[in-house]
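Sequence order for the protein chains is A and B. Taking this note's numbering, the leading residue of the first sequence gets 712, the next gets one more, and so forth. Taking this note's numbering, the leading residue of the second sequence gets 2, the next gets one more, and so forth.
Please keep in mind that the hints were generated in silico from the structure rather than gathered at the bench. Wrong hints could be hidden among the right ones.
[Claimed, not checked] Cross-link-like lysine-lysine pairs, in silico, BS3-like; alpha carbons within 25 Å at most:
#, chain 1, residue 1, chain 2, residue 2
1, B, K147, A, K763
2, A, K714, A, K763
3, A, K714, B, K83
4, B, K90, A, K771
[What the hints assert, rightly or not] If the Cβ cut is set under 7 Å, some of the chain B residues that face chain A in the computed set are:
#, residue
5, V28
6, Q32
7, L34
8, D88
9, R135
10, R149
11, L169
12, Q245
13, T247
Using N, Cα and C, we set each Cβ at its ideal position, and we do this for glycine too.
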Amino acid sequence: MNKMIESLGTTLSQMIGKEAIACRGLLRLAIIDSAEHLRQTSDYSQTMAHIKMMGYQDWKDIVEGPALVQRLKGVGIQDPAPVVTQLRQTLIEHQSLFTMSAH
Amino acid sequence: MFPVVTMTITWILVVARLIIAVQLTRVARRQKLPNLLWLAAFFYLTGIGDIFATLAPVTNFNQPFLVLGGVSELAMVMFIQKTFYQDRKSPFPIFMGLALIVLAADILYAEFLPYHSPFNWLWLIWAGYQAYRRIADDQAVDDWIKARYKLVIAYSGLSLVAPLWTILFLIAMVVPAVAAFIYAPTNILIAQVGILAFVTAGIVLQYLAWIMPEKYREWLNRNYQPPAKEAAEADLTEEEIMRQLTA
Numbered sequence: 712m713n714k715m716i717e718s719l720g721t722t723l724s725q726m727i728g729k730e731a732i733a734c735r736g737l738l739r740l741a742i743i744d745s746a747e748h749l750r751q752t753s754d755y756s757q758t759m760a761h762i763k764m765m766g767y768q769d770w771k772d773i774v775e776g777p778a779l780v781q782r783l784k785g786v787g788i789q790d791p792a793p794v795v796t797q798l799r800q801t802l803i804e805h806q807s808l809f810t811m812s813a814h
Numbered sequence: 002m003f004p005v006v007t008m009t010i011t012w013i014l015v016v017a018r019l020i021i022a023v024q025l026t027r028v029a030r031r032q033k034l035p036n037l038l039w040l041a042a043f044f045y046l047t048g049i050g051d052i053f054a055t056l057a058p059v060t061n062f063n064q065p066f067l068v069l070g071g072v073s074e075l076a077m078v079m080f081i082q083k084t085f086y087q088d089r090k091s092p093f094p095i096f097m098g099l100a101l102i103v104l105a106a107d108i109l110y111a112e113f114l115p116y117h118s119p120f121n122w123l124w125l126i127w128a129g130y131q132a133y134r135r136i137a138d139d140q141a142v143d144d145w146i147k148a149r150y151k152l153v154i155a156y157s158g159l160s161l162v163a164p165l166w167t168i169l170f171l172i173a174m175v176v177p178a179v180a181a182f183i184y185a186p187t188n189i190l191i192a193q194v195g196i197l198a199f200v201t202a203g204i205v206l207q208y209l210a211w212i213m214p215e216k217y218r219e220w221l222n223r224n225y226q227p228p229a230k231e232a233a234e235a236d237l238t239e240e241e242i243m244r245q246l247t248a
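Start from the sequences, fold in the hints, and give me the full structure.
Okay, structure coming up:
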């Protein structure tokens with residue numbers, strides 16, 4: 712499994728106090744919302760294949776993008792800004808994982 | 002006997018560097034990681050430079066070895082910046098400035114060996130260690146990935162031996178006692194053998210870090226237990242995710 716979605720899922724879980732598996736699901740939904748070709752299918756493996764190829768800039772676009780904010784508001788988080796800030800911080804701190812987990 | 006052994010080892014090191022470079026290029030393209038191309042460039046440049054160094058006793062031409070050694074320092078600075086410092090405060094201008102000074106010294110003053118700078122290796126040790134600390138206790142990160150951080154730190158440490166010789170060489174320019182010590186024939190021989198031994202050990206670790214043969218990776222990961230089963234996650238529908246998060 713992609714290491715960045717796990718790291719960001721853990722951070723999101725700590726921020727909103729929900730299960731990490733559901734938080735990873737939310738991130739996955741935000742990615743699907745942002746990718747036209749993924750919106751046309753609900754295939755999990757296709758989504759994960761897309762996520763596996765996501766680099767630092769792709770994740771930055773997701774974390775700072777409107778789709779995630781909408782999803783966070785959709786689960787009752789009135790002010791997503793601190794959550795987004797923390798996710799951005801995790802992304803920056805763990806950026807070397809993209810390189811170190813490549814093989 | 003000694004030159005033959007040395008030359009054999011340096012040819013093996015050249016091949017190892019070029020194998021690492023090719024593998025890094027392939028991974029960089031496959032995984033869309035442009036920063037790895039900078040690391041690949043470092044190995045290409047040092048590998049090609051070493052070819053000139055190895056042939057120098059015959060060709061009497063080692064200028065490319067000196068220049069490529071300096072240029073490889075620039076590639077290393079770029080790799081560290083792009084791997085660890087995107088969107089964060091970075092000492093990049095300082096290290097790039099130092100690397101350019103070393104390159105200029107290699108072009109203008111170096112004769113037999115390039116001036117090896119310790120700065121990039123120290124920076125890589127620091128950046129790698131800081132990054133490793135952040136993931137060391139993370140159950141989601143596989144053991145082989147954590148091992149790769151340690152290997153990078155370890156080979157960076159071994160790579161400091163060649164710059165140590167450069168530092169001694171520079172000190173010898175102003176301190177006659179140091180000059181007498183390092184230019185003693187026995188000490189030069191010991192230094193050459195020692196540097197070659199450390200460089201060889203460093204390249205073995207670089208090979209393990211960046212090529213990481215599958216069997217070795219599996220062995221490193223032998224005790225790793227992933228925290229969540231992907232199958233359970235695959236079964237979660239959008240409705241279930243939203244229900245869990247709003248409950």
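Hint-by-hint comparison with the structure:
1. B:K147 x A:K763: Cα-Cα ~19 Å, so holds.
2. A:K714 x A:K763: 9 Å, holds
3. A:K714 x B:K83: This hinted pair holds, its Cα atoms lying about 18 Å apart.
4. B:K90 x A:K771: With a Cα-Cα distance of about 17 Å, the restraint between B:K90 and A:K771 holds, given a limit of 25 Å.
5. V28: With a closest approach of 5 Å, the B:V28 hint holds.
6. Q32: Nearest chain A Cβ about 5 Å off; hint holds.
7. L34: Given a least distance of 6 Å, the restraint on B:L34 holds.
8. D88: Holds, about 5 Å.
9. R135: Since chain A brings a Cβ to about 5 Å from B:R135, closer than 7 Å, the hint holds.
10. R149: 5 Å, holds
11. L169: 33 Å, violated
12. Q245: At 4 Å from the nearest chain A Cβ, B:Q245 passes the 7 Å test, so the hint holds.
13. T247: 5 Å, holds
The structure is inconsistent with hint 11 alone, although it conforms to all the rest.
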